[in-house]
Amino acid sequence: MATAENVLEGLADIVNEIAGIPTEDVQLDKSFTDDLDVDSLSMVEVVVAAEERFDVKIPDDDVKGLKTVGDAVDYILKHQS
Amino acid sequence: MTAKIKPTQGAPAARIIGVGGYRPHRVVPNEEILKHIESSDEWIRSRSGIATRHWAGPDETVVEMTLAAAGKALADSGTTAEEIDAVIIATVSHFKQTPAVATEIAYRLGTGKAAAFDISAACAGFGYGLAIAKSLIVEGSATRALVVGVERLSDLTDLTDRSTAFLFADGAGAVVVGPTDEPGIGPTVWGSEGDKSDVITQTEPWDRYRDEHLERFPALRQEGQAVFRWAVFEMAKVARQALTASGLTPEDLDVFIPHQANMRIIDSMVKTLKLPDHVAVARDVESTGNTSAASIPLAMERMLATGQAKSGDTALVIGFGAGLVYAATVVTLP
Chain A
1 MATAENVLEG LADIVNEIAG IPTEDVQLDK SFTDDLDVDS LSMVEVVVAA EERFDVKIPD
61 DDVKGLKTVG DAVDYILKHQ S
Chain B
1 MTAKIKPTQG APAARIIGVG GYRPHRVVPN EEILKHIESS DEWIRSRSGI ATRHWAGPDE
61 TVVEMTLAAA GKALADSGTT AEEIDAVIIA TVSHFKQTPA VATEIAYRLG TGKAAAFDIS
121 AACAGFGYGL AIAKSLIVEG SATRALVVGV ERLSDLTDLT DRSTAFLFAD GAGAVVVGPT
181 DEPGIGPTVW GSEGDKSDVI TQTEPWDRYR DEHLERFPAL RQEGQAVFRW AVFEMAKVAR
241 QALTASGLTP EDLDVFIPHQ ANMRIIDSMV KTLKLPDHVA VARDVESTGN TSAASIPLAM
301 ERMLATGQAK SGDTALVIGF GAGLVYAATV VTLP
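Residue numbers (UniProt numbering), protein chains in the order written: chain A, 1 to 81; chain B, 1 to 334.
Since the hints were derived computationally from the structure, they do not count as laboratory data. Check before you lean on any hint, since a few could be wrong.
For lysine to any residue, the following SDA-like pairs were computed, each having C-alpha atoms within a straight-line distance of at most 20 Å [claimed, not checked]:
(1) B:Lys271 x A:Asp34
(2) B:Lys196 x A:Pro59
(3) B:Lys271 x B:Arg240
(4) B:Lys196 x A:Asp60
None of the values given here were measured: they were computed from a predicted structure.
Start from the sequences and build out the full structure, keeping to the hints where you can.
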């Protein structure tokens with residue numbers, strides 16, 4: 001089972017690969033859209049990459065609720081199989 | 001008594017023998033879209049890759065645009081209208097439900113008594129039409145078929161919807177499909193996912209417009225994120241299946257012509273499919289917008305005209321859209 005730290009680290013890699021944001025900028029309190037400039041379509045790519053990496057399903061309806069990196073980390077930890 | 005019915009004898013295979021396109025005269029830049037929505041040229045380009053699109057004028061009807069595109073496809077294929085015995089029109093934006101617009105087009109082209117019908121498969125309409133045309137030719141019910149994707153989506157565009165106002169456009173793309181010895185159209189991998197019918201849809205059915213005197217004409221709406229995820233990741237799987245069904249690998253491809261929905265979808269699909277660098281990718285959406293059923297033949301015509309692709313090239317084509325529906329196949333370019 002991944003820890004919050006593992007998940008944050010993995011998400012930072014994903015956001016870096018998809019949106020070109022430095023991994024150290026991807027912090028729990030950062031908003032994907034406002035702080036990291038991840039637009040709605042890139043967010044979908046981040047979500048799909050996270051699903052594969054963390055073996056979790058994130059339906060479209062739930063994506064809208066993931067405002068900050070911390071939201072995504074919590075969601076993944078809670079829904080991981 | 002069950003009488004013995006004589007089997008039909010069709011051609012060994014079918015291929016596209018000519019292509020033609022028609023883009024309306026009026027070019028609409030993003031600045032014009034911005035009169036109605038709070039957005040920016042930069043935002044529209046970054047989210048869609050669209051810089052300009054063509055919108056039809058009053059005289060550029062579904063019929064007139066089709067006749068123009070079909071005339072070019074006939075000339076390109078060296079086929080006369082009389083030789084066409086099936087006319088298949090894919091559209092969602094012809095507003096007279098019956099008779100099928102295909103019958104008027106067949107008559108105006110001078111095909112004689114060609115079988116003529118419309119199909120409704122949104123942005124997959126061209127692929128559906130191509131699959132039907134090939135089957136008719138191989139089965140023996142037709143020798144040469146005209147398949148056209150034609151749309152006037154500007155009529156179904158809500159200019160005040162900031163997520164779609166810049167997307168949709170008008171145009172017609174036509175191909176002539178004829179008999180051949182070697183397969184020039186692979187097996188079609190197609191399907192529908194009706195559980196996702198609300199992801200892209202017309203806002204109101206026509207009868208509500210009549211009964212409740214709605215002020216706003218129905219328009220197209222879509223859930224951008226859901227469409228993007230499905231188009232990129234699910235359609236990449238369908239594209240791979242189409243390649244496999246044709247007995248090919250990505251290395252065998254020269255050209256990739258996905259439905260021109262949005263540049264971001266195209267870019268992500270290319271990345272997900274891991275297409276080799278030598279594969280030329282259609283990016284006609286930048287200057288043509290999203291013309292639904294017309295987008296694949298329009299992009300095909302432009303790639304051939306500009307030298308990005310050449311006759312005999314092997315192309316993977318995939319259409320996907322409202323339904324949700326999809327159709328992918330491998331074709332030899334005319």
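#### Entry: Holds or violated: lysine 196 of chain B to aspartate 60 of chain A, with C-alpha atoms at most 20 Å apart
It holds: about 12 Å lies between the C-alpha atoms, which stays within 20 Å.
### Task
Measure nothing beyond the straight line between the CA atoms of lysine 196 of chain B and proline 59 of chain A; if it is 20 Å or shorter, mark the hint as holding.
holds, 13 Å
### Task
Sort out whether arginine 240 of chain B lies within 20 Å of lysine 271 of chain B, counting only the CA atoms.
holds, 13 Å
### Query
Under the criterion that the straight-line Cα-Cα distance not exceed 20 Å, is the pair lysine 271 of chain B, aspartate 34 of chain A satisfied?
Since the Cα atoms of lysine 271 of chain B and aspartate 34 of chain A sit roughly 26 Å apart, the hinted pair is violated (cutoff 20 Å).
Checked against the numbered hints given earlier, this structure breaks only hint 1.
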